[in-house]
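Under full-length UniProt numbering, think of the first position of the sequence shown as 1, with each following residue one higher.
The set of hints was computed from the structure by calculation and includes no laboratory data. A virtual CB, placed ideally from N, CA and C, is assigned to each residue, including glycine. Treat the hints loosely; a few may be bogus.
No more than 20 Å apart at the CA atoms, straight line, and that leaves these computed lysine to aspartate or glutamate pairs for EDC-like [said to hold, decoys possible]:
| # | residue 1 | residue 2 |
| --- | --- | --- |
| 1 | Lys176 | Asp196 |
| 2 | Lys157 | Asp196 |
| 3 | Lys192 | Asp162 |
| 4 | Lys176 | Asp153 |
Cβ-Cβ distance ranges computed for the label pairs, FRET-style [unchecked claim]:
| # | residue 1 | residue 2 | range |
| --- | --- | --- | --- |
| 5 | Pro240 | Gly205 | 35 to 43 Å |
| 6 | Thr159 | Arg251 | 45 to 53 Å |
| 7 | Arg232 | Arg204 | 15 to 23 Å |
| 8 | Ala197 | Pro240 | 18 to 26 Å |
| 9 | Leu11 | Ser94 | 27 to 35 Å |
| 10 | Leu217 | Gly96 | 35 to 43 Å |
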Amino acid sequence: MTLDLVTLPALSDNYTFLLHDDDSGATAVIDVPEAAPIDAALRERGWTLSEIWLTHHHADHIQGVEALLAKHPAKVTGARADTHRLPPLDRAVSDGDSFTFGGEEVHVMDVSGHTVGHIAFHLPGSTIAFTADSLMALGCGRVFEGSMEQMWDSLQKFTVLDPETTICSGHEYTQKNAEFALTIEPDSSALKSRADAIAAARARGEPTVPSRLSDELATNPFLRAADEPVRRNLDMMDAPAAEVFAEIRRRKDAF
1 MTLDLVTLPA
11 LSDNYTFLLH
21 DDDSGATAVI
31 DVPEAAPIDA
41 ALRERGWTLS
51 EIWLTHHHAD
61 HIQGVEALLA
71 KHPAKVTGAR
81 ADTHRLPPLD
91 RAVSDGDSFT
101 FGGEEVHVMD
111 VSGHTVGHIA
121 FHLPGSTIAF
131 TADSLMALGC
141 GRVFEGSMEQ
151 MWDSLQKFTV
161 LDPETTICSG
171 HEYTQKNAEF
181 ALTIEPDSSA
191 LKSRADAIAA
201 ARARGEPTVP
211 SRLSDELATN
221 PFLRAADEPV
231 RRNLDMMDAP
241 AAEVFAEIRR
251 RKDAF
């Protein structure tokens, strides 16, 4: 089964995503930073919006929902735990829930940390995960509401997915993330190569999102807090992985 995935830039550095099933005609959008680019993309392709999936309550992920619904009535899905901070939901979901889209199962993952109630949507059949501000390309979201340990635990949920999974995150932060990652693993040839490719893509005005999970596992310092090279470089060989992660996150916050 193949679903069409369209990556759309929005606002200054956000991304939103369209997911379309040719057989049923169903179309979902994941997060709505603003309505205009989504409306334009739907009209250009002749697609009818059927679903809106929301990952968390921050304005830059939901503020376009009302305007989009005014033109494209659709079923809204979001976290049950965040109902009080999201637009009105037609389907409230929790960790471990699943639903069907285009004949494929969509698994809901609680990935709290950036916010409490942040969820991700994983489609194992298409090897796609919509991670928003949890796992990001060469980074992760700031820990605003949850704890560092909670964020570390959330990120670990992605490490067991198929390494070929396409990671659809919420922002074009990758080049800055790469610059920071090199302060954590300056001798990593894989990271250096990826950083060079990212810089070249940005120079051409190309997006760096989505990314591939295998690349994140190999180069993203926030997934590598348990790995020896990272621990050694931080002089934290005997520290629990969650503490190493917290140190990396604190350094990034000040970077």
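The hints, checked one at a time:
no., hint, result
1, Lys176 x Asp196, "holds (12 Å)"
2, Lys157 x Asp196, "violated (28 Å)"
3, Lys192 x Asp162, "violated (24 Å)"
4, Lys176 x Asp153, "violated (24 Å)"
5, Pro240 x Gly205: 35 to 43 Å, "holds (42 Å)"
6, Thr159 x Arg251: 45 to 53 Å, "violated (21 Å)"
7, Arg232 x Arg204: 15 to 23 Å, "violated (35 Å)"
8, Ala197 x Pro240: 18 to 26 Å, "violated (33 Å)"
9, Leu11 x Ser94: 27 to 35 Å, "holds (28 Å)"
10, Leu217 x Gly96: 35 to 43 Å, "violated (23 Å)"
When held up to the earlier numbered hints, the structure conflicts with 2, 3, 4, 6, 7, 8 and 10 and fits the remainder.
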